[in-house]
Every structure is written in C-alpha cells, then in structure tokens.
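Novice: Next come the chains, spelled out residue by residue.
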Amino acid sequence: MSVGTENAVAIRLEGVHKSFGRLAVLRGIDLDVARHEVICLIGASGSGKSTMLRCINLLERIDAGRIEVDGEEITSEYVNANRVRRHVGIVFQAFNLFPHMTVLRNITLAPREVLGVRREAADAAARQLLERFGLESKETEYPDRLSGGQQQRVAIVRALAMNPDIMLLDEVTSALDPELVAEVLNVIRSLAEAGMTMVIATHEMGFARDIADRVCFLDAGVILEQGPPGAIFTAPQHERTSQFLQRIIEAGRL
Amino acid sequence: MKGEPRGSRMLGRHRGVVLSTASTVVFFGLIVLFVARAPGTPLIRQRFFDWAHLKDAFPSVASGFLLNIRIMFTAEAMILVLALLLAIVRSLPGPVFFPFRLVTIAYVDLFRGIPLILVLFLIGFGVPALSLPGISGYDVVTYGIVSLVLVYSAYVAEVYRAGIDSVHESQTAAARSLGLSRWKALRFVVLPQAIRRVVPPLLNDFIGLQKDTALVSVIGPIEAARQAENYGSQTFNFAGYVVAAFLFVVMTIPLARFVDYLLARGRRRRQAGGVR
Chain A
112 MSVGTENAVA IRLEGVHKSF GRLAVLRGID LDVARHEVIC LIGASGSGKS
162 TMLRCINLLE RIDAGRIEVD GEEITSEYVN ANRVRRHVGI VFQAFNLFPH
212 MTVLRNITLA PREVLGVRRE AADAAARQLL ERFGLESKET EYPDRLSGGQ
262 QQRVAIVRAL AMNPDIMLLD EVTSALDPEL VAEVLNVIRS LAEAGMTMVI
312 ATHEMGFARD IADRVCFLDA GVILEQGPPG AIFTAPQHER TSQFLQRIIE
362 AGRL
Chain B
194 MKGEPRGSRM LGRHRGVVLS TASTVVFFGL IVLFVARAPG TPLIRQRFFD
244 WAHLKDAFPS VASGFLLNIR IMFTAEAMIL VLALLLAIVR SLPGPVFFPF
294 RLVTIAYVDL FRGIPLILVL FLIGFGVPAL SLPGISGYDV VTYGIVSLVL
344 VYSAYVAEVY RAGIDSVHES QTAAARSLGL SRWKALRFVV LPQAIRRVVP
394 PLLNDFIGLQ KDTALVSVIG PIEAARQAEN YGSQTFNFAG YVVAAFLFVV
444 MTIPLARFVD YLLARGRRRR QAGGVR
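In order, the protein sequence lines correspond to chains A and B.
So for the first sequence, the working numbering puts the first residue at 112; every next one is plus one.
So for the second sequence, the working numbering puts the first residue at 194; every next one is plus one.
Bound-form chain B, shown alone (with noise of 0.2 Å):
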C-alpha cells in the first residue's frame, strides 16, 4: 500500500476490511435507529411491510407477474428486429431511398415524442373502437404489446443507428472493394461490429421496458401492478406494491449487472488497443 514504508500488504488489506466493515456497521446502525424512533414508521411497517399481507399478496401478484414477464419478451424480440431494420433503412444512402429515410425519420420521431401512455391509450381503446375487420379483435394484452413496440423501436432504432455510425467508413470501403455488394458489407462487416458495441445501451433500454410492462396494465390487462392495486383496493394495504416493485427489482438487478460486465469489459478492451 502507498504510505506505508514498512507495511506489509495483508495488513493494508485487513485494515480495509476491517474499515470499511466498521463504517458500514456504523452508518446503517445509525440509519436503522434513526428510522425506528421515526413517527410514522409502525405505520409505514403496517401498511407496506406486514409479513402476513405480503405473504397473501404474493401469489396473485407474482401470477400477474407472469404475464409482464410474457409481454417483454415477446415485445423485445419484435423491438430488436423492426428496430434494426428502422436503423438499417434509414442508413441506406442514396437519392432513391430519401422518401423510405423521411418515414423512418418521421416515425422516430412521432414515437419517441409522444408518451408511451397516450400510445397505449390511442392503440388499446382507440383501435378496438374502431371495429374494423383485422385489427380491431384481438385482446388488451396485443394492443399493449403492440404499443409498447412502436414506442421502444423507435428508440432502440436511434441506438442501432448511432452503433452503424460508429462504425468506421473505411470498413464499408474496406468491404465494397473486395466487390461485396451495399448489403453484404453492411450484414458481414458493419452489422457485427455495430452490434456488438450497442449491446450495453440496447439491454438499458431493455431494463426500461421491463418496467413498463407495468404501465400496460391501464388499458387492461392484469399483471403484476394491476393484482396489486386490486390487493390493496380489497385491504387498504400497500404490501401488493411492495412485492410488485420486489419482483421488478429481482428481475432487473441481473441484467444490470450484466450491463456493468459489458460496459467493464469494453473499456478493458479498448485499453488494451482492441475494438473487437
């Protein structure tokens, strides 16, 4: 350790421990007393933490959770595929393609400005009241499936783009003269490597549409926020949220962990002078 002539390195090591240990015992003591003598707080524990309503709110709320859980992944599947051909339409260069690029454009546009809500509202009541042959029959959990990939496509779009961008012309020269065609350089040489560098961004974005799973729950559908509002509507008690929030935490925590390893990693990477 720095500082110390004669120290050996074990005992700076344990002095760390031993530190730190002290200082987290410490301030969480002090946080702990600090909320235990605090006014509200046998109040809060019985609104929000009763071991007996949390228990009973559990299972209906965990059952809703099921369903968030089933429309993220099948909204991320179609996000990262009408994302990627978003980004990829509106790269191609060119005067034939302008009006395929001003779409793409709009569309960012449109679905990045307006609030996942009001989609969900327009798309979950507007569409079924429409009652035209073809999109006006299907269920709650479709139109929020639906609104929740026209929102984050278009976000995720701008990250595929900003990952193309980011790639080096040289590397489409690179591949266009070795007689590769405008889109096998784009699948083989600027694809790959865009990807790989927006996968941390992309998961953020997919750590946000976990969570928003739950805002679909205002056009209908009972999941995860919804059992827990019936829960507390039925038993003026909070326990139902706290386990929905519990459940999301539980759900996000691994994926942002493995952002961190991403991020982390890239950077090793590109100190060590590689950008594979």
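Extracted from the complex, chain A is given alone in its bound form (with noise of 0.2 Å):
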C-alpha cells in the first residue's frame, strides 16, 4: 500500500521528542500512516513502540515536534484531548479493563458517556460486537472471571465501541500465554481485513510479517529503518535490524 497523497494520511508524526526526565524515549520520530494502513512497530523493550503510542492517544504530551491525525494538529495546546481520542482507539497490554464493572458496561461506558448514547442503543451495539468476536456468552461477566485472551478481545470490543477510526494496539498479546495469542491476533486479523487503520507495537514477528503492510524497526528512540514486511523480514539494510532479528529468531520467536 503506498503511503499516497496528502488527504489519504490518517497519521502523521514529525520530529517528535519525548523524553522522561533525562531519558530520551522519542528522538525525532518521522512517520505518515495512510488510511487504511497496517503499521507494525518491531524493536526492542524499551525503543519507543509504546511511548509513541501514546503520544498518538495524547495520554503523554510531547517535547518537541507535532502529530496530526487526519490533517489536524492534535498536539496543538488547544486542541481538546478528549475529543481526539473518541477517533483513536487504543488497547493496552495489560488490557486495564475496568475490575468493578461487567464486560458490557466496560464497553458501553464510553458511548454512554462521552458520546451521550442512549442505554438500550449502547448495549445492542455492544452485543452486536461481542457476537462478533465470540464473546457473546459473557457480558455479563467481571473481567476478572475471564481468560487473559477474552479480557484482550474485551478490550478491543471496548475500544471499538467509540467506532474509532484509528487503533492503537500496545503489544497486546505480550501479556497472554502462547495458546491464547491466536484469538487475539485473528480479532486483529479481521479489523485489519475490515479496512481498519492501525499502528501495532508487536513482538509477533511471524504475525507482522503477515498483516502489516509497512514495518518499523525502531531503535532508541527513532526509526531506523522501514519497508514491507517482506524487505525488513528478509534482507534488512541496518546492521542493527538484523541483529535484532537474529536475536528474534534465536529465541524461536519468528
């Protein structure tokens, strides 16, 4: 997919900074993400990939630089935060479901509230989502009561309830144990068929290899190198891209 003309970018983040105290996280991120792209972050713990995520949800605030999501400045001081991220969903790797709530009051919460959703409207829409992930048998359930892999595709559910046009997925299978990260990343799979825009920070390097249609290498704060899937994967430019990927495929994890 090219990354094509001006109306068709979803995300655009330039020379973005972001530092914690004296450690520089972000060092001049450069990045445009088409509509309908599938972004795949890949790099080491501690690179960025989630630290610029959630600079794209405005949930950190950054130094330098400035991030639109479709044309419009959103790091801009006057530009209302909440309102932002009712378009850009994001889902965590510890999924941060709400523990006092029911699934389906985790996921109608939100339209409720923010967008003034009738209930009964709110919660059709919400079951309709999901039976659409296999989920429809607990709604009524705490998420405590439920396996790591249905909390994730909770959350995702919860997330595309606000009908976002963008996703943000933290590592969301880096918490679950191997025989649950299938059900996460086929739900992943089938927003992405559906058109979806979406930035993953990932270490499923198999799964990226699959879905993204553009990889980033990320390395100490900036991206080092990007392609498709199948020019990273298999003839990388940067000395530091395949030794990053040797240390992957050691570990049996590609």
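Take the hints with a grain of salt, since some may be wrong.
As the list claims (entries may be wrong) - According to the in silico footprint, chain A covers these stretches of chain B (three or more CB under 8 Å from chain A):
id, stretch
1, 365-378
2, 384-396
Said to hold, decoys possible - Calculated Cβ distances over 10 Å to all of chain A for the following chain B residues:
id, residue
3, THR217
4, PHE241
5, ILE262
6, VAL274
7, ARG294
To be verified - What follows is a list of derived Cβ distance ranges for each label pair:
id, chain 1, residue 1, chain 2, residue 2, range
8, B, PHE290, A, ALA342, 46 to 54 Å
9, A, GLN239, B, THR335, 30 to 38 Å
10, A, GLY132, B, ASP332, 52 to 60 Å
11, A, ASN297, B, GLY209, 49 to 57 Å
12, B, PRO326, A, ALA235, 53 to 61 Å
13, A, GLN357, B, PHE290, 44 to 52 Å
14, B, ARG263, A, GLY245, 55 to 63 Å
15, B, PRO292, A, ARG300, 50 to 58 Å
If you are wondering where the hints come from, they were derived from the structure by calculation, not from laboratory data.
What you are looking at is a predicted structure, and each value in this text was computed from that prediction instead of being measured.
From the three backbone atoms N, C-alpha and C, an ideal C-beta is built for every residue, glycine too.
Starting from the two chains in their separate frames, assemble the complex, guided by the hints.
Specialist: In structure tokens, the structure reads:
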C-alpha cells in the first residue's frame, strides 16, 4: 500500500521528541500512516514503541515536533484531547479493563458517557460487537472471571465501541499465555481485513510479517528502518535491524 | 486431623470442642475465683455494678445516648461528603490547582494535629463569644457536630486519598483513552474502586467517631457521658458510667464485626485473584 496523497494520511508524526526526565525515549520520529494502512512497530523493549503510541493518543505530552490526525494538529495546546481520543482507540498490553464493571458496562461506559448514546442503543451495539468476536456469552461477567485472551478481546471491543477511525495496539499479546495469543491475533486480523487503520507495537514477528503493510524498526527512539515486511524480514539494510531479528530468531519467535 | 493415623474426623472435632470448653471453664473460673476473693471486690460491685443503681441510671443515660447517636449520624454524613471533596481536590493534577491542593494539605495537617478537645473549646466556646451574626447563634450540639466534622474530615480525607492512590494509573489511562474527561474518569472508574477498597478503614474511623461523640459533652450538650456524670454527682455512684460504657460498646460491636467481615471478604477476593 502506498503512503499516498495528502488527504489519505491518517496519522502524521513530524520530529516527535519525548523524554522522561533525562531519559530520551523518542528522538525525532517521522512517520506517515495512510488511511487503511496497517503498520507494525518492532524493536527491543525500551526502543520507544509504547511511548510513540501513547503520544498519538495524547496520553503523553510530546516535548517537540507535531502529530496530526486526519490533517489536524492534535498536539497543539488548544486541542481538546477528549475529542481526539474518540477517533483514536488504544488497547494496552495489560488490558486495563475496569474490574468493578461487567463486560457490557466496560464496553458501553464511554459510548454512553462520552457520546451520550442511550442505554438501549449502547447495549445493543455492544452485544453486536461481542457476538462478532465470539464473546456473546460473557456480557454479564466481570473481567477477573475471563481468561487473558478473552479480557484482551473485550478490551479491543471496548475501544471499537467508540467507532474509532484509528486503532493503536500496544503489545496486546505480550501478557498472554502462548495458547491464547491466536484468538487475539485473529481479532486484529479481522480488523485489518475490514480496513481499519492500525499502528501495532508487537513482538509477534510472524504476525507482523503476515498482517503489516509496512514494518518500522525502532531503535533508541528513532525509526531506523522501514519498509514492506518482506524487505525488512528478509533483507534488512541496517546492522542493528539484522542483529535484532537475529536475536528474535534465536529466541524462536520468527 | 493431622497426626491421627486411624482417627476419624468426628472424634477429632469432638475432642477440640471438649478441650476448648474445659480450658475455658477453668480459665474463667480461676479469674472469677480470684476476683471474688480480692479485697476491693464488694466495694467495686457496689460503686460500679449495683443492680439498683444500674437500673436507676439507665433511663437518663439512655436518653442522653440518643443524642450521641444523633450527633454521630449527622456528623458522619457530613464527614463522608466533606472528606471526599478534600481528597478529590488534593488529587487534582496540574499547576492550576496548586493553591487548592495547598489549602487541602494545610487543612488536613491542621485538623489532624489539633486535639479534638481543643477544637471543641475553640468552636464551642470561641465562636459564640464572637457574637458574629450568622455563625454565633447556634446551639452547643451544632458546634459539637461542627468540631467533629472538622477533625474527622481531615482523617477520612486521608483514607479516601489512600484509596484513590491505590487505583493504578493505568485505569485512568484506559478511561481517558476512551475519551472520558478527567472528572468522568474519576467518577466512574477511579472512585468506585477506591471507595470499595477503603470501606473497612472508613468504618474504623466511624467507630472512633461514635466514641468521640462523648467528648462533645465538654462544651455542654447533655449526652450519655454527661448524664452519667450527673447521676454520679447526685448519688456518688459510678453505675451511670457503666451504663454509658455498655451502650457505647453495644453500638460499636456490630460495626466492628462488620469491618471484620469486610476485611475477610477482601482477603478471600485477593486470594482468588480478583480485585472486584
């Protein structure tokens, strides 16, 4: 998929810098994400993948640079973060479901309280999503009664219930037992097939190769190398990229 | 039972009951024997536990105790609201709210530091003496309630704050990422979890408050402790105090057991891996 014309750009990052204290986590990130594109961010822990996603969702304030979503600069002082977040869903590694609410309430909370959807309509929409992802029997359960894979699928449904244009997935399978990873990846695959614009931080290289239109290798806060998965995984241009992939292969994850 | 190769479980259980009954009887029997033979016992019985005096003191002390209950519930309702407000203000982030945070910190430091009895004197005697329209014209019970609310709100605010802090930041992040405002994230996601976690310590403070309503008597209200004092000064007998003490204990025991129950339930849930 081409990184196309101006109006097809869903997310644009320009010279994004972010430090935590003296630790520079992002050191000049430039990236255009086209609408309907699926981008996988790979790289070692601490390379800045999660921070980058959290910046796009405005959960972290950037120090320098700018981020645009659908052509609007969201990192300006005057932008209402709550409005931006309605269009950009994020799913976390640790699910972060609300433990005191049922599955259904977890999903309908934001539509009802943020968008003002009436209860019946929100419930119906949530049930439809639950059914789509094979969770229809779980709506009255509390999160701690679900398996990790089910919890993560509920978390994805919760983000989808806001009808986002863009989904950010932050290592969503890293906290799961190996046998539960597939069910979550299948959900993401079906989202990609439906044309969702996604930026996915992942350690699942096989999955990245499978699903990504483009793979970005992050190293020490910059995108060191990017390209179609075929190119990155088979003929990496940078020494650091091949070292990283070598370690992954040795760990048996590719 | 462990260590009983052939022993049936029934036998073991019976033996436990028999043993505990025997040891209880012997233990308390010895205490009763010892107390009964102690030289001061008849005098103590007459001054503190004389049945006629107990019966005699009961109506007035009990009617005074109704005032304690009224003070307690009124104060508690106000404390729960004011303290929550303080805790919320104190947890507001950002530089704009700095002065508000400062005020709540100063408030908590101040009223946790001053002994309740001094607050009672300052409010109960000081405020009426100001003769200021609007705040000086109330009765002593009101000033007593105000004092309790001032002091206990400082404690309870800290309990709430501990609860708010105990809810992991990722919960707020999840709520905010869905587009919920700061306030709605607090209201729907953080506070419900925080309050659930601090119910046992809140009830503990409630028990403390229940007892401290007796201190309000120093500025005048005729509640249980004051009625007991009156009875004592008229009859030179302490039965009134015993009645008052009895009433306070009877009030706090159910609450204390309820706290135990909640704590045990919380423990079970944590062991089950849930944090609901």
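Novice: Give a verdict on every hint.
Specialist: Hints, one by one, checked against the model:
no. : hint                              : verdict
1   : 365-378                           : holds (count 10)
2   : 384-396                           : holds (count 3)
3   : THR217                            : 41 Å, holds
4   : PHE241                            : 49 Å, holds
5   : ILE262                            : 32 Å, holds
6   : VAL274                            : 21 Å, holds
7   : ARG294                            : 20 Å, holds
8   : B:PHE290 <-> A:ALA342: 46 to 54 Å : 50 Å, holds
9   : A:GLN239 <-> B:THR335: 30 to 38 Å : 57 Å, violated
10  : A:GLY132 <-> B:ASP332: 52 to 60 Å : 57 Å, holds
11  : A:ASN297 <-> B:GLY209: 49 to 57 Å : 56 Å, holds
12  : B:PRO326 <-> A:ALA235: 53 to 61 Å : 59 Å, holds
13  : A:GLN357 <-> B:PHE290: 44 to 52 Å : 50 Å, holds
14  : B:ARG263 <-> A:GLY245: 55 to 63 Å : 57 Å, holds
15  : B:PRO292 <-> A:ARG300: 50 to 58 Å : 52 Å, holds
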